[in-house]
Amino acid sequence: MANIINKKTAWIKFTIQAAFLRGILHLLNHPPSDLKLFTKGLPQISKQ
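Take my numbering: the last position of the sequence shown gets the number 53, and nothing is skipped along the way.
Careful: at least some of the hints might be erroneous.
Computed spacing ranges between beta-carbons, pair by pair [stated by the list, open to error]: (1) GLN49 with ILE10: 51 to 57 Å; (2) LEU47 with ILE10: 46 to 52 Å; (3) LYS45 with ALA7: 53 to 59 Å; (4) LEU33 with ILE10: 32 to 38 Å; (5) ILE9 with GLY46: 51 to 57 Å; (6) ASN8 with PRO48: 28 to 34 Å; (7) SER38 with ILE17: 38 to 44 Å; (8) LEU47 with LYS18: 46 to 52 Å; (9) PRO48 with GLY28: 27 to 33 Å; (10) LEU42 with GLN22: 47 to 53 Å; (11) LYS45 with LYS12: 46 to 52 Å; (12) PRO48 with TRP16: 44 to 50 Å.
In silico SDA-like pairs for lysine to any residue, Cα to Cα no more than 25 Å straight-line [unchecked claim]: (13) LYS45 with HIS31; (14) LYS12 with PHE25; (15) LYS45 with GLY28; (16) LYS18 with LEU30; (17) LYS12 with ALA23; (18) LYS45 with LEU30; (19) LYS41 with LEU26; (20) LYS41 with PHE25; (21) LYS45 with HIS35; (22) LYS13 with ALA23; (23) LYS18 with ASN8; (24) LYS41 with GLY28; (25) LYS18 with LEU32; (26) LYS45 with ASN34; (27) LYS45 with LEU32; (28) LYS45 with ILE29; (29) LYS13 with PHE25; (30) LYS41 with HIS31; (31) LYS18 with ILE29; (32) LYS12 with GLN22; (33) LYS18 with LEU33; (34) LYS18 with ALA7; (35) LYS41 with LEU30; (36) LYS13 with LEU26; (37) LYS12 with HIS31.
The hints are simulated quantities; they were obtained by calculation from the structure and are not laboratory data. All values derive from a computational prediction rather than experimental measurement. Where a beta carbon is used, it is the ideal one built from N, C-alpha and C, also for glycine.
Could you put the whole structure together from the sequences, leaning on the hints where they help?
This is the structure we're talking about:
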């Protein structure tokens with residue numbers, strides 16, 4: 006019985022980590038609009 010519970014918790018941990026990594030990769034590939042504005046504004050800030 007304990008073995009089944011351990012497998013379940015391991016699977017839950019794995020799915021959470023996978024979703025977390027997928028979310029990070031998604032943010033890197035498609036950064037949110039405020040991050041795009043920030044990176045666009047950087048050259049203007051450095052020029053001043």
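Now for the hints, and whether the structure bears them out:
no.: 1; hint: GLN49 with ILE10: 51 to 57 Å; verdict: 56 Å, holds
no.: 2; hint: LEU47 with ILE10: 46 to 52 Å; verdict: 50 Å, holds
no.: 3; hint: LYS45 with ALA7: 53 to 59 Å; verdict: 54 Å, holds
no.: 4; hint: LEU33 with ILE10: 32 to 38 Å; verdict: 35 Å, holds
no.: 5; hint: ILE9 with GLY46: 51 to 57 Å; verdict: 53 Å, holds
no.: 6; hint: ASN8 with PRO48: 28 to 34 Å; verdict: 57 Å, violated
no.: 7; hint: SER38 with ILE17: 38 to 44 Å; verdict: 33 Å, violated
no.: 8; hint: LEU47 with LYS18: 46 to 52 Å; verdict: 37 Å, violated
no.: 9; hint: PRO48 with GLY28: 27 to 33 Å; verdict: 28 Å, holds
no.: 10; hint: LEU42 with GLN22: 47 to 53 Å; verdict: 30 Å, violated
no.: 11; hint: LYS45 with LYS12: 46 to 52 Å; verdict: 48 Å, holds
no.: 12; hint: PRO48 with TRP16: 44 to 50 Å; verdict: 46 Å, holds
no.: 13; hint: LYS45 with HIS31; verdict: 20 Å, holds
no.: 14; hint: LYS12 with PHE25; verdict: 20 Å, holds
no.: 15; hint: LYS45 with GLY28; verdict: 23 Å, holds
no.: 16; hint: LYS18 with LEU30; verdict: 18 Å, holds
no.: 17; hint: LYS12 with ALA23; verdict: 16 Å, holds
no.: 18; hint: LYS45 with LEU30; verdict: 21 Å, holds
no.: 19; hint: LYS41 with LEU26; verdict: 21 Å, holds
no.: 20; hint: LYS41 with PHE25; verdict: 21 Å, holds
no.: 21; hint: LYS45 with HIS35; verdict: 15 Å, holds
no.: 22; hint: LYS13 with ALA23; verdict: 15 Å, holds
no.: 23; hint: LYS18 with ASN8; verdict: 15 Å, holds
no.: 24; hint: LYS41 with GLY28; verdict: 17 Å, holds
no.: 25; hint: LYS18 with LEU32; verdict: 21 Å, holds
no.: 26; hint: LYS45 with ASN34; verdict: 16 Å, holds
no.: 27; hint: LYS45 with LEU32; verdict: 17 Å, holds
no.: 28; hint: LYS45 with ILE29; verdict: 21 Å, holds
no.: 29; hint: LYS13 with PHE25; verdict: 18 Å, holds
no.: 30; hint: LYS41 with HIS31; verdict: 14 Å, holds
no.: 31; hint: LYS18 with ILE29; verdict: 17 Å, holds
no.: 32; hint: LYS12 with GLN22; verdict: 15 Å, holds
no.: 33; hint: LYS18 with LEU33; verdict: 23 Å, holds
no.: 34; hint: LYS18 with ALA7; verdict: 16 Å, holds
no.: 35; hint: LYS41 with LEU30; verdict: 16 Å, holds
no.: 36; hint: LYS13 with LEU26; verdict: 20 Å, holds
no.: 37; hint: LYS12 with HIS31; verdict: 28 Å, violated
The structure does not agree with the numbered hints 6, 7, 8, 10, 37 stated previously, though it agrees with the rest.
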